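Trainee: For reference, the chains in residue letters:
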Amino acid sequence: MLKFIIKRLLWMIPSLFAVSFLAFVLIQLPPGDFVTTYIATLASSNEVVDQNTAAALRERFGLDQSMLVQYLKWIWGILSRGDFGISFEWQQPVSGLIWERMALTLVLALASLIATWAIALPIGVYSAVKKYSIGDYAFTAFTFFGLSIPSFLLALVLMYIAAVEFGADVGGLFSPEYETAPWSIAKTLDLLSRLWLPVAILAVSSTASLIRVMRANMLDELPKPYVTTARAKGLSEFRLLIKYPLRIALNPFISTIAWLLPNLISGSVVVAIVLNLPTAAPLLLQALMAQDMYLAGAFVLLICALTLIGSLISDILLALVDPRIRLE
Amino acid sequence: MTDILSITPRPSMAAGKTLLEVKNLVTEFPLRTGIFKAVNDISFSIEPGKTLCVVGESGSGKSVTARSILQIIDSPGRIASGSIILNRQDGSSVDLARLDPRSKAIRAVRGRDIAMIFQEPMSSLSPVHTVGDQITEVLRLHLNMSKAQARKEAAELLRQVEIPNPEQALDRYAFQYSGGMRQRAMIAMALACKPQLLIADEPTTALDVTTQAEILDLIKRLQQTTGMAVLFITHDMGVVAQIADDVLVMHHGVIKEYGPVDQIFHTPQDAYTKMLIGSVLKLEQKAEIRLARPPLDTTAEPILDIRNLSMHFGEMKALNDVSIALLPGETLGIVGESGSGKTTLGRSIMRLYDPVSGEMHYRRADGKVVDLARLEGSELKAARRELRMVFQDPFGSLNPRMTVAQVIGEPLLVNGLSKGKELDERVCHLMDQVGLDPAGRERYPHAFSGGQRQRIGIARAITLNPRIIVADEATSALDVSVRFQVLDLLMRLQDELQLAYIFISHDIGVIRYMCDRVGVMYRGKLVEVGEAEKVCNNPDHAYTQALISAIPRPDPRDRDRSKRFRYIEPSPHIDPSNVKNRSSAR
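Listed in order, the protein sequences are those of chains A and B.
The numbering used here numbers the first residue of the first sequence as 3 and each following residue consecutively.
The numbering used here numbers the first residue of the second sequence as 155 and each following residue consecutively.
Fair warning: there could be bad hints in the mix.
To be verified - When the alpha-carbon atoms are kept at most 30 Å apart in a straight line, the in silico DSSO-like pairs for lysine-lysine are as follows:
hint, chain 1, residue 1, chain 2, residue 2
1, B, K258, B, K471
2, B, K301, A, K245
3, B, K258, A, K133
Since the hints were derived computationally from the structure, they do not count as laboratory data.
For clarity, every value in this text was computed on a predicted model and none was experimentally measured.
Let's have the full structure, built from the sequences with the hints guiding it.
Mentor: Below, the structure written as structure tokens:
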């Protein structure tokens, strides 16, 4: 087991290098660079930048060097100083920008994850055990509803209702007075009072799909002979459900951890933009559009690292939970 | 429906106080098109310490009967009427049929008064819980034991069912056990609360004969020490003859005959019972078609000559230096227990596997000899046209999305031999040959019964006028009554088409009925080859003797178990019964 973990960790190093290089190249592939975008932005407000200024800017940002040199400089900075570079657009160190956003993203993602699992798993089990009952049909109708409504539409409708009917301001994660204030108990309470809407919106579609998956998994397990054996032992229906089929039906969910972590960053972009949430996804999108390559590169690197760590965690957990899997 | 004369209570039963009394039980399954009565008005009783065998073919309702007693019928089945009276030792009685399937009262009976073991010990145990966990669960549930007490008791139970190193075995998982050990663990679990009645639903069907004999012995011994009654469900008349006190013959949900075992076997009244017994006795000798046939020309050049064939899967030697020859028109049986390499041999001949070493000399119709082990490309393709295969599972081996005409005609089509109207005519002719009505050729396989599907499989095999057919357990999945029809069909086709068969089976009876010569395989080696009559009745090799001795004789007056023994390989090897090498399998 330990050997397996070490081997996997060592393999992560070349993978990270490969992915980061690929990401760096991909970001630079579109014609032009940050300065081009910058000049275009200025031009739209009738400011003209001459060639010399542009060249000076390029030199300052190191954009005049070859791509390989830029990449090596960037990687070296990360490895030697933990310096992810400076964001062109924000004129701030990338690491500071990312960590601030990541904390809020994590809060939001965890909250919606807990909400999803807490609602979906019991309903999925119920739907499977009471297959074709009225309750099952009702939940099935809800899940199709939840799956087919785009979440940004749901966000718009809910915002409209909240703002027009109740006069509540629901955009963002903080009230205006707390937005730039330092962390305090009042600010945390404010966050909690505003968290429910994005959590509800994000949870609807994932809850819907999770209910379907859980129902299908349980329906696969329920007719298995070991369930009958447990019943013939005299266990109560509830106890045997929890101990045997549920336990095995949950295994596939452990594998989902692998993509749950990277989803923290890149998931739910549209909802975050609609609701004006200060999370990582809109920042990533903006960085890509502006060709702010150090910021975008750092995000891609982070997504890649989280994917690798996520799949390692899920592999280890699966091996711990399911004795049939042996890591060699 | 038919005569139920023999169901009147018999004097032998009225004597002792019965343990379980089933009266007019009806169990039904509501379907879209109406109600299906899986068990229709059956009555029987079990006395303490006795064994009642319920015997019948698939769909007879024998399993549903057993599950009705514990109210664990698969949804949407339910008991419609009748009573199931359980008389406890303390004098109290309870009608199990009236209890709610989810009630506390029935749960107190399950596992404590009546315990059950099932057919497939692998899937009947949870794959993610240790065996110890699953045994202690029953003890803690019904006897309120502490964890430590329960563990001690569980180890004791495993010792009772003769599992070596019970302390360590408790912490292992079902997949780390061999098939026989899993069933022992299931028995230990069932016996945990010392039930008065053990229901065993085909507990030995998935096991090899030698393991089956050991499990039957174990149940008998435990029955003698604990005085429990056993309700044993099986389709195997040999097993019935060996263990039953009373026998209940079921067919399509109704009782055909009910009486003491000796009466059932020696003076059966019902036509269906007679057919069942007759089909077992038929396997005790060679088929009439074969006895009537002129003897084979044993001096002829062999059509297939296998020399020193070896096939390895990783470390495991699935075939170890096997040499055997097949004469034209001959049926060569290959017999052995699971893991003996008999299927690997069949598949190597078909070149589904590439053998590691050895030769397979095949004499073509034009007299030219080719080595199947070395053939490539178009020559291999040509050889495969003349070597065909019939598979075990009549359900899995036919594509459910192809019509029967497509299934049978596919070999002709892919080899570019015929198409259109001509193809259709040939398919009709082939279906006629295997006894199927060509009018059904546009239907899909699900519309056919198991026996009919196997006929489709045979029709597909003879489509290209092959010269050798490898039949891998071709009749194992079929009910006894259908089995003979398929075996007789195979023999008739053999005579018509001058086929040579390699007939792989674990069932000595089928081999004796059908084969001219037999090869006995044991752990990848061919330990004995000889005339079928000789090998089945008077074998030379110690392993074959052990194998034959383990087969339950279909005669309740011949229950001498003292002749039975287990073969132990003379070389210093690991014990074959308990250690299973999982690393190669997973």
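Trainee: Hint check: B/K258 vs B/K471, CA-CA at most 30 Å. Holds or violated?
Mentor: violated (53 Å)
Trainee: If you draw a straight line from the CA of B/K301 to the CA of A/K245, is it 30 Å or shorter?
Mentor: holds (17 Å)
Trainee: Is the Cα-Cα distance between B/K258 and A/K133 30 Å or less?
Mentor: holds (23 Å)
Going through the hint list in order, the structure does not satisfy hint 1, though it satisfies all others.
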